[in-house]
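Asks: The sequence shown begins at 62 in my numbering and counts up one residue at a time.
Treat the hints with caution; some may be incorrect.
Listed below are the simulated BS3-like cross-link pairs for lysine-lysine, each with C-alpha atoms no more than 30 angstroms apart in a straight line [to be verified]:
1) 357 x 331
2) 328 x 406
3) 243 x 787
4) 119 x 75
5) 119 x 74
6) 943 x 406
7) 357 x 787
8) 74 x 100
9) 708 x 936
10) 357 x 301
11) 75 x 141
12) 939 x 328
13) 949 x 939
14) 365 x 406
15) 409 x 365
16) 331 x 243
17) 787 x 708
18) 708 x 246
19) 787 x 141
20) 365 x 328
21) 409 x 331
I should point out that these hints are in silico values taken from the structure, not numbers from a laboratory.
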Amino acid sequence: MREDELISILTTKKARTALESLAAIPQADRRPHAKAVAKLYSDHVLFGFEQRGDKGTKPRDRDAVIIGLFATATLSELKKLGFVPVPASVPIQDVFRVLELDFAQGLVDHLVEQNPHAIGNAAPLWQAGLANRPESDGIILGYYGIWHERWGADEEVLLSRDVWRFFEVEGGGEFSLANHDKFAKQGTPTWSDRLIGYAEAGRLDRQRLLDASLDALERDFGQYRAGWYSRFHTALAPTKEEIAARSGRYLGLLSSSVPPTVSFALKFVKVADTSSPLDAGTLLAGLAPALQARSKGSVLAALKLVERAAARDEGVRSAALEAAALALVSEDAGVQTAALDLVGKLGKGDEAHLQALLADYVDLMVPSLRSRIADMAGSTARPGDGAAPVHCAPAQAVAITPVGTPAEALSLYLSVLETPRDPLDVERAIDGISRFGAELRGSETLLSPLKKRAKQIWAKPGGVGVRVVLALTGRGLCEGRPIGSLTGDEGGRESASLVEDTGLQSLHLDRNGEMLDRVLSGVSVPLLSLPGGSSGMISAADLSQRLQHYSAAGVSPGPADLTLALLRLETQTPVPIKNHDLNSEPGRAFAYALGQDVEVGPTPDLWAAAWCARRPVREDKRVAGLFGKSFPECGVPAEVALDVVRKDSKCGAYFWVDVAVPIMPAIEGEGGGWRSIMPRREAQTPYMLRHSGRSFADVAWASLVRPNAPDLFFRQGLLDQDVWQKLSDNHTRAYLEPFFRPGPDIRPLGAGILAYYMAVEDKSVTSLAAEAAVETLLGGRLATRDFAAAVRAFLVSGALPTARWTKGLAVMAGRGAAGHVREAIGLILDFPPEQCPRDIGGMLELYYELHVDAGTVPERPETLTCLASLPGGGKTAKFSRKLLALAKEAA
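The task is simple: from the sequences and hints, build the whole structure.
Replies: Dropping the structure here:
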């Protein structure tokens, strides 16, 4: 059969008719046309809502094309589609029977393992006897899916066999019992309700369910998923007798790594001990892990059980004393107070044992309890860090050494092609090709590994724009072709789309293209834009010397390369400019960057960069005029501000933080502004284009574009952050890179990055933000008042948990910045009562402890006024009173 005849069947017939027609064609005749059918499917069925009418004849029935896939493809080819489609209008079992396909079992196994949502597509095959039902974990995950009913599970199989595996298969992502029950639609029974209903009807063994739920908790599943099993066990409402029979298991769960499981177990241990007192020694031994838990509630509950055990059995008093002392390792002052009270009570009459026991805990106590425990231990409390912290001198930039040989240049380039996370290494690698590329061109053997790897990465760059640029540059070097001639190659469309017109990687690509053109013409010169040191900046003397290399070689600097060099220019130490050709545009732009009045134009990007190099800058209408419209940082200074508000959903059930960074002058229109210094424009496509990039490597490279004026980079970091997002390699961490390099003072927008990033969900971001704050505060680059103002702006919005800043500030204090943290909290406490954040008591406690430790008191009038007006009770009221008392005593 000819290909066009087969395609005609699939495009003109309804699905059922097409199936009958295909059945009449031998498999050997259908098989050669698999690629053509796959293309038809790709063009008109896959993501059909995006398809246009310019790819040949549209099929009459898309299900006919899907049946054509099964008729022509192998199982391996179907798997390569990613998601294997099935027709909606013709049962899949009919397709396999009519076409006499022999891979039903393989397809079933694949669908079940690949995606539990696809079980509904696979189930008809085993229900029709064409395959066996897999017994893998994938089947159990199918029950956890919200749409599990679609595959018609056998209730008897569920009750006799599958249900017990619910307590063995944890699941993950959207497939878990916790997720199913949390997102079950109103009116749809949860699995918890179903299983309890089966137990009440006598169809499931209640005792076995109680034990199975404890089995699951002993497996230390993830906290979110483990919560379902503890809630289910509680919902079964075990009797006192059932609890007593399992007291040993509840004690064993106190060593769980999941804090809510420990809290759950403690409640049942308490019930068991009340109804039928446990052996005191066994109870104390089992309580040891709970006494060292991070949860305040768990430790306090465990301390009460310790006190109860000691009260009913005098023989365990010494063991109870040692057990209570374990709670002193808590970081919470309230827990330490309770533990110290109990230790003092249990240690009466045994002072030698008490003192020996407490000696190791003196330095672990919060400052307000340090003197008390020292007295009990018979020692002296050590002084805190009341002295002002010694500021670190600003880090000095480490000079960058360019590669020295062709072999070194090639080795470094291959390295950054694989892992382009260090932007300074990326720049050194590009400079190495600029210096030695002409020599490397003469050795096909040396370039062979680069040629192969660059082509592979160009086809699949993994969403990293830097790798696209490096791969294209490597291919151009190896194939002797300009970059522009490579972007139309197969696979190029997808890769080239990563280098967006509004993104910084387009500047990177243009710069490399200029460099490659020089190399292919046989000219070897240094890269103008190579940073001179770890600060990312270039001294005026270095750039002057490099420009002289170009003049001696008889080549003109590339506009993109010189543009990037001027953006990185450090102009604090000017150099003579008399040796530069003021008749050439590059020479005039360099002279202008150093402060000389010269004729401006005609290349807009180049002059905007030269204008930016003049820090501080004033408006220059000549530069602004080159763009035709007014664009910030293109001859017109940009002013930015941080605006943080809480947004509430219409129903009032949800809220979120809304971070805006308005910029003046406002951006006019959609085109014309210079891509490499302009803030992100509003995208006109459904997918948001990102100015700095979408990967860690891209954002890290972007951080080096304007190292001496990072505010617009920080602006992008504020706009790009997703407060709820957790990633294995969160690209927003790269927005913190400038804080760890020598550079200019951190302005309010940079302080905003630190404040915001300290309170997001991703712990890898929050911990790095705390380190960056310590680095810049101790280094003198960040003013405490700016940091405090940024934290206060987010804090009073009420859109993020206050506890996250409290934790971050505590981390900062522990890393040597206690004085700055103490000052910052005092500055943060400057808001009217109606703006008081929830749960600020923890921050007040930290503030109090820092003052006690340093021997200082709050003195700022605005802080004292705020403390006196704070609403609420509990910890907030307790520590606001304590802080005011400190100030009053000092007065």
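Asks: Indicate, hint by hint, whether the structure satisfies it.
Replies: Cross-check of the supplied hints:
For the suggested pair residue 357 and residue 331, the alpha carbons sit about 17 angstroms apart, so the restraint of at most 30 angstroms is met. A C-alpha spacing of about 24 angstroms is found between residue 328 and residue 406, which places the hinted pair at or below 30 angstroms, so the restraint holds. For the proposed pair residue 243 and residue 787, the alpha carbon gap of about 20 angstroms is at most 30 angstroms, so the pair holds. Our distance criterion of 30 angstroms between C-alpha atoms is met by residue 119 and residue 75, whose separation comes to about 13 angstroms.
In summary, the hint linking residue 119 to residue 74 is supported, as the alpha carbons are separated by about 12 angstroms, within the 30 angstroms threshold. About 25 angstroms separates the Cα atoms of residue 943 and residue 406, which keeps this hinted pair within 30 angstroms; it holds. Among the hinted pairs, residue 357 with residue 787 is consistent with the structure: their alpha-carbon atoms are about 26 angstroms apart, no more than 30 angstroms. Straight-line distance between C-alpha atoms of residue 74 and residue 100 comes to about 18 angstroms, which keeps the hinted pair within the 30 angstroms bound.
Restraint check for residue 708 and residue 936: satisfied, since their Cα atoms lie roughly 28 angstroms apart, inside the 30 angstroms limit. Taking the CA atoms of residue 357 and residue 301, the gap is near 26 angstroms; set against the 30 angstroms cutoff, the hint holds. Proximity of residue 75 to residue 141 is assessed by CA-CA distance (about 26 angstroms); at most 30 angstroms being required, the pair is judged to hold. Proposed proximity of residue 939 and residue 328 is supported: the alpha carbons are some 28 angstroms apart, at most 30 angstroms.
The straight-line distance between the Cα atoms of residue 949 and residue 939 is roughly 15 angstroms, inside the 30 angstroms bound, and the hint therefore holds. Pair hint residue 365 plus residue 406 holds up; C-alpha atoms about 13 angstroms apart against a cutoff of 30 angstroms. Taking the CA atoms of residue 409 and residue 365, the gap is near 18 angstroms; set against the 30 angstroms cutoff, the hint holds. In summary, the hint linking residue 331 to residue 243 is supported, as the alpha carbons are separated by about 29 angstroms, within the 30 angstroms threshold.
About 21 angstroms separates the Cα atoms of residue 787 and residue 708, which keeps this hinted pair within 30 angstroms; it holds. With a C-alpha separation of about 26 angstroms, the suggested pair residue 708 and residue 246 falls inside the 30 angstroms cut-off, and the hint holds. For a cut-off of 30 angstroms, the pair hint linking residue 787 to residue 141 stands: about 29 angstroms separates their Cα positions. Taking the CA atoms of residue 365 and residue 328, the gap is near 12 angstroms; set against the 30 angstroms cutoff, the hint holds.
Between residue 409 and residue 331, the direct Cα distance comes to roughly 26 angstroms. Compliance with the 30 angstroms bound is thereby established for this hinted pair.
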